[in-house]
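Asker: Spelled out, the chains give:
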Amino acid sequence: MRGLILNRSTVAVIGAGPAGCTAALTLHKLGHRPVVFEREIFPRYKVGESFLPGTLSIFNRLGLQQKIDARNFVKKPSATFLWGRDEAPWTFSFTTPQSSPWVFDHAIQVKRDEFDKLLLDEVKERGIEVSENTSVSNVDISDPDKVSLTAGKADNQVEFDFVIDAGGSNGPLARKLKVRHYDEFYKSFAIWSYFRRADPFEGDLKGTTYSITFEDGWVWMIPVADDLYSVGLVVDRSKSSEVKEKGPERFYRETLAKATRAKEILGDAEMTDEVRVIHDWSYDSEVYSAGRYFLSGDSACFTDPLFSQGVHLATQSAVSAAAAIDRITKRKDESEEVHAWYNRSYRETYEQYHEFLASFYTLASFTEPESAFWSKRRISESDDGRLNRKGWFERLAASSKDGTVSVADFRDRAATMMSIGRHQRTELSDEFTDRELEPARVRWISQLTKRLNRIKRLQWNGAEVVLKPYYKIDPETFTLEPKQVLANEDGRDMIKWPVEEEHREILSRLLKEEVGYKELIRELGDAGQQEISSQIVIRLMEAGLLVGFDKNGERVLIQDRLRFDGVGTEYEV
Amino acid sequence: MNDRILSLINNIFEEVNERREEKISTEDLPSLALYGEHGVFDSMQLVNFLTQVEEAVEDEYDQEISLTSEKAVSQRVSPFSRVSRLVDFIEAELLESGVAVSETA
Chain W
188 MRGLILNRST VAVIGAGPAG CTAALTLHKL GHRPVVFERE IFPRYKVGES
238 FLPGTLSIFN RLGLQQKIDA RNFVKKPSAT FLWGRDEAPW TFSFTTPQSS
288 PWVFDHAIQV KRDEFDKLLL DEVKERGIEV SENTSVSNVD ISDPDKVSLT
338 AGKADNQVEF DFVIDAGGSN GPLARKLKVR HYDEFYKSFA IWSYFRRADP
388 FEGDLKGTTY SITFEDGWVW MIPVADDLYS VGLVVDRSKS SEVKEKGPER
438 FYRETLAKAT RAKEILGDAE MTDEVRVIHD WSYDSEVYSA GRYFLSGDSA
488 CFTDPLFSQG VHLATQSAVS AAAAIDRITK RKDESEEVHA WYNRSYRETY
538 EQYHEFLASF YTLASFTEPE SAFWSKRRIS ESDDGRLNRK GWFERLAASS
588 KDGTVSVADF RDRAATMMSI GRHQRTELSD EFTDRELEPA RVRWISQLTK
638 RLNRIKRLQW NGAEVVLKPY YKIDPETFTL EPKQVLANED GRDMIKWPVE
688 EEHREILSRL LKEEVGYKEL IRELGDAGQQ EISSQIVIRL MEAGLLVGFD
738 KNGERVLIQD RLRFDGVGTE YEV
Chain A
49 MNDRILSLIN NIFEEVNERR EEKISTEDLP SLALYGEHGV FDSMQLVNFL
99 TQVEEAVEDE YDQEISLTSE KAVSQRVSPF SRVSRLVDFI EAELLESGVA
149 VSETA
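So the sequences go chain by chain: W and A. If you count the first sequence from 1, position 56 lands on 243 in the working numbering, and the numbers rise without skipping. If you count the second sequence from 1, position 11 lands on 59 in the working numbering, and the numbers rise without skipping.
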């Protein structure tokens, strides 16, 4: 089974969900030979029905657009939040200029049994070997030159060059490695069912996914088909005993009844399916890849689904794993660097979501002061042990110690975002239009621009401006390309935008001369970074590499933006 | 429509287009929407663009203007909704500052 042809690897892909199929399709596109092992027979039920635009973009570039369009999945233009008691609704719109053919201004919502079968059928149609109804019972990675899988009822042993464990939360390699860390902050579980209900809105809210807080947690409402809503409750793990005592259906109905704003949308809709529960809630891994293995999708990490990021994490990591295998196959001497890149970029993406969620949870906790669920999910101290191992929290705590940012103000990040998307009416209404959000957005853009323009001196944090090797995935070929990013001599870096020597030299001027924001923007623009020069400066400030001062020598703080991959115009993959 | 100011903005778009895969069409520049529905920039791109325009105006007229003032953001019709409105706003700001704004570049 192992690759005999130069520059072509055989890869065992465990699991045929979005991560597994995306990995297989990408490996195939890159000229390798994946073999997919799936323990079930498709179609099979799965939750995780709401996607992000960036996920559609990956499928588009893998050549699936026509097939996806033909199925008329529910178009998702935005996510709408009734977040915090008595707060007006706010909408996170996916509207974005189409700066590339693969940039999307919407996502889709799907019944996963249908969608995942579409993906797997495509894998098969492209001639990729698939073994359904085949469990992988062991993955042996002890040999540095190969991996050995034990699969199927006969416990057949098959050797491969690499393995990608995309086997979900029960991924056999992820379990065997014992590298998983369960999250102490999001100790929740989800319980959900389906309701027959047509979308109540026809205007710009049509197709939106709702997330609605209530005293015991929050509710998702996802239109997965024209007349069907997926309705899930995310509640504290301490409620598990109540589920046992009352039974899932009674617990579900009684708890949903407390979520009055969700019930208003549902009206007298009829429940049409059984009630399901998932406990394995939020976790990440100490290591995402090494040697000849990669963990991808839910086998690697999972976090609270508030921003519908699960399938995007899965597909983005799958493309990354495939691109990494391609690079290592061609450049064996780069194996260590490629794994370092995979681990870093995966962790960065995961942590972005984690930080985003923490801010929204913290904000909601202030609107539900009596609630046990919400009071447990508030960040107010820099020594919150539940957030150990989270890089974003370490940075926040460090900023708090040096007095630049207060941990107590952490909720403001969510508050800023909410203010940009706040509806003009307190109730959900067909009168809502995406356009009504524009004035608030323009005001925010103006304030940020004004603040940046106040910076008359930028200070580099370090004695040197250095270029550090990194990788980026080419958005069309999906090959992994060596790039360089800005860093200081201590290794602190900014990995979002790759740069060249010319840009390092421009930044090096800050070590010797007084350079303001506008001057730096102009110079970076002249060096070919016209459209992203502001973003480079902001990212460098967020990474702690740049500090800005106004004409009086006072520090100018640029509030860290909450951001996550899979929306906007700048996808990570 | 002040052609001299329009020409400054056109130059910025030409620079932006140099690096873009999907070029921004400047055939009918005055009607081009900058931000919002059918706009060519996202939020961060608009931040970048506004600074570039302020710089270009200052270089050309030796006069600092602000596109981020309360006056700019509170306009009933946003100066960022289309290029012609931005040109008109800049012209009005320059005139108010006592700058003689000639029509030609």
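These aren't lab readings, by the way, just hints derived from the structure by calculation. Treat each hint with caution, since some may be false.
To be verified - Not everything, but these chain W residues come out facing chain A in the computed CB check (under 10 Å):
| # | residue |
| --- | --- |
| 1 | Ser287 |
| 2 | Val290 |
| 3 | His293 |
| 4 | Gly390 |
| 5 | Ser469 |
| 6 | Tyr470 |
| 7 | Ser472 |
| 8 | Lys699 |
| 9 | Val702 |
| 10 | Glu718 |
| 11 | Gln722 |
| 12 | Ile725 |
| 13 | Gly755 |
A quick note: this is a predicted structure, and the numbers were derived from the prediction, not measured. The beta-carbon is built from N, C-alpha and C at its ideal position, and this holds for glycine as well.
Asker: Against this structure, judge whether each hint is valid.
Answerer: We went through each hint and held it up to the structure:
With a cut of 10 Å, the hint placing Ser287(W) at the interface with chain A holds, because the nearest CB-to-CB distance is about 6 Å. Nearest Cβ of chain A to the Cβ of Val290(W): about 8 Å, under the 10 Å cut. The hint holds. Using the Cβ-Cβ criterion of 10 Å, the hint placing His293(W) at the interface with chain A is not satisfied: the shortest such distance is roughly 14 Å. Interface hint at Gly390(W): violated, since its Cβ lies 14 Å from the closest Cβ of chain A, which is beyond the 10 Å cut-off.
For the restraint placing Ser469(W) at the interface with chain A, the shortest Cβ-Cβ distance is roughly 29 Å, beyond the 10 Å limit, so the hint is violated. Interface hint status for Tyr470(W): violated, as the beta-carbon distance to the closest one in chain A is roughly 32 Å, over 10 Å. This hint is violated: Ser472(W) has a C-beta 31 Å from the nearest C-beta of chain A, more than the 10 Å allowed. For Lys699(W), the interface hint is violated, the least distance from its beta-carbon to any beta-carbon of chain A being 23 Å, above 10 Å.
The interface hint given for Val702(W) is violated, since its Cβ lies 14 Å from the closest Cβ of chain A, which is over the 10 Å cut-off. With a least beta-carbon distance of about 5 Å to chain A, the hint placing Glu718(W) at the interface is held under the 10 Å criterion. About 5 Å separates the beta-carbon of Gln722(W) from the nearest beta-carbon of chain A, less than 10 Å, and the hint is met. Look at Ile725(W): its Cβ gets to within about 8 Å of chain A, closer than 10 Å, so that hint holds up.
Evaluation of the Gly755(W) hint against chain A yields a held restraint, the C-beta minimum of about 6 Å falling below 10 Å.
Hints 3, 4, 5, 6, 7, 8 and 9 from the list above are not met by this structure, while the remaining hints are.
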